[in-house]
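Colleague: This is what each chain is made of:
Number of protein chains: 2
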Amino acid sequence: MVNYPKGVHQGQSAISNQMKVGKGTKRGLTFGKRGMGLEDEINAANDYYLADHLAVIHKKPTPVTIVKVDYPARSAAKITEAYFQKPSTTDYNGVYQGRYLDFDAKETKNKTVFPMKNIHEHQVQHLANVVSQGGIGFLLIKFTTLNQTYLYPAPELVAAWMQQEGRGSIQLKELVQQAYLVKASLNPSLDYLTAVDDYLADLESGRRSDRPQARGNHS
Amino acid sequence: MVNYPKGVHQGQSAISNQMKVGKGTKRGLTFGKRGMGLEDEINAANDYYLADHLAVIHKKPTPVTIVKVDYPARSAAKITEAYFQKPSTTDYNGVYQGRYLDFDAKETKNKTVFPMKNIHEHQVQHLANVVSQGGIGFLLIKFTTLNQTYLYPAPELVAAWMQQEGRGSIQLKELVQQAYLVKASLNPSLDYLTAVDDYLADLESGRRSDRPQARGNHS
Chain A
243 MVNYPKGVHQ GQSAISNQMK VGKGTKRGLT FGKRGMGLED EINAANDYYL
293 ADHLAVIHKK PTPVTIVKVD YPARSAAKIT EAYFQKPSTT DYNGVYQGRY
343 LDFDAKETKN KTVFPMKNIH EHQVQHLANV VSQGGIGFLL IKFTTLNQTY
393 LYPAPELVAA WMQQEGRGSI QLKELVQQAY LVKASLNPSL DYLTAVDDYL
443 ADLESGRRSD RPQARGNHS
Chain B
243 MVNYPKGVHQ GQSAISNQMK VGKGTKRGLT FGKRGMGLED EINAANDYYL
293 ADHLAVIHKK PTPVTIVKVD YPARSAAKIT EAYFQKPSTT DYNGVYQGRY
343 LDFDAKETKN KTVFPMKNIH EHQVQHLANV VSQGGIGFLL IKFTTLNQTY
393 LYPAPELVAA WMQQEGRGSI QLKELVQQAY LVKASLNPSL DYLTAVDDYL
443 ADLESGRRSD RPQARGNHS
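Respectively, the protein sequence lines represent chains A and B.
Heads up: the first sequence begins at 243 in this note's numbering, then just goes up one per residue.
Heads up: the second sequence begins at 243 in this note's numbering, then just goes up one per residue.
Pulled out of the complex, with its shape left as it was, chain A reads as follows:
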């Protein structure tokens, strides 16, 4: 049966709902998340958010061009020739308290800069489109060596990309000033909605604009 989710709705923040950890149904993610990849961490967080009615965010399937399919008798259709496509958008999107969220996940071992080559131009264009429609776009960037993950807002990404024409890198020092650290958490291990809350609060208070700002020089 379909269950109409009850309880948590638009009025309530993700932060207040963290207090309820321990009562949900589909939990099962408690220890040993240190070594998880960023994508696994995001997927685990999304499962948690879905089970607790905090947000509905899914990873999009990998886009594939299917060329040949076999239909063996009495078995499932088998794809025998297919190729990976370049994704034309980001990997994650969904809805959180009435807001449209759209983001991609990026990992780097670099300790001092975020190299632009980690992002495709069409992803930057997509995030710019999202922001112009009133959506909340960002990257989740994990500096794996530092074990720190940041929410880097799309308007700043777009500005940096345009200024540097997609080349070079963003200094970690500068990125940290413009981004929101995803604070340590046990369950989910990457509770990135708290960083989204921080970003939304700044947008709503006018401390931040959802348009790209003029920025200083950087390498």
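Treat the hints with care, as some may be off.
Given that identical chains are not distinguished, each listed pair holds provided it fits within a single copy or across any two copies.
Said to hold, decoys possible - Distance condition first, Cα-Cα at most 16 Å in a straight line; then the derived EDC-like pairs of lysine to aspartate or glutamate:
id, residue 1, residue 2
1, Lys328, Asp439
2, Lys302, Asp333
3, Lys310, Glu323
4, Lys301, Asp333
5, Lys310, Asp289
6, Lys301, Asp289
Source of the hints: derived by calculation from the structure; they are not laboratory data.
The structure presented is a predicted model; accordingly, all values stated were derived computationally and were not measured.
Start from chain A and add chain B according to the hints.
Modeller: Below, chain B alone, put in the same frame as chain A:
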């Protein structure tokens, strides 16, 4: 280069923007759309909306479980064994004037009813989740024999599904009362955002609730 979309933003409705047909860049869809399948029509509308900065809505890739991949020298990776997965969500989502839209496309040749078997339970559950997060969920249902397409809101779908436990069908007569006809249009041929506008206007005026309503008996 990334172009930050200018011009049309939250304040302006899709309807007023239809007046601008002829100035966009990525158009190319003008004649002979009568025989198009619903999915092609939606994809063409989404291309149009994206090019004119009216909305950012994409079809999700078909979910596939990849089992074997070959990496031939000097060629692209080739998937040699993969299987279709059941989609766990709907096919389309995105952002329109700050609102999260989420929907699936359904076609039926039936002239008097919409059979429930066209929808999977997990899709109904997903749409219920979306609505509970403040998103706008619906089905676009095309009655191919009648050549009519309706926006059928998720709250009504969820109510019908729960009452009938996923069986039987919804009478076209009843569906028409609860749904929004996508009016005939030339470009795009299926301008479904006009039906979304009608639905949003009813939600905002309080003529409609985004919660499922009690409903009469039907077969």
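Colleague: Hints first: check each against the structure and report whether it holds.
Modeller: Against the structure, the hints:
Proximity of lysine 328 to aspartate 439 under the C-alpha cut-off of 16 Å is found in neither arrangement, the shortest distances being 31 Å within a copy and 33 Å between copies. With identical chains, the CA atoms of lysine 302 and aspartate 333 are at most 16 Å apart both within one copy (5 Å) and between copies (10 Å). Both within a single protomer and between protomers do lysine 310 and glutamate 323 lie at most 16 Å apart by alpha-carbon distance, with minima of 5 Å and 10 Å respectively. Taking the closest pair of Cα atoms, lysine 301 and aspartate 333 come within 16 Å of each other both inside a single copy (6 Å) and across two copies (13 Å).
With identical chains, the CA atoms of lysine 310 and aspartate 289 are never at most 16 Å apart, being 33 Å at best within one copy and 27 Å at best between copies. With identical chains, the CA atoms of lysine 301 and aspartate 289 are at most 16 Å apart within one copy only, with a shortest distance of 11 Å there and 22 Å across copies.
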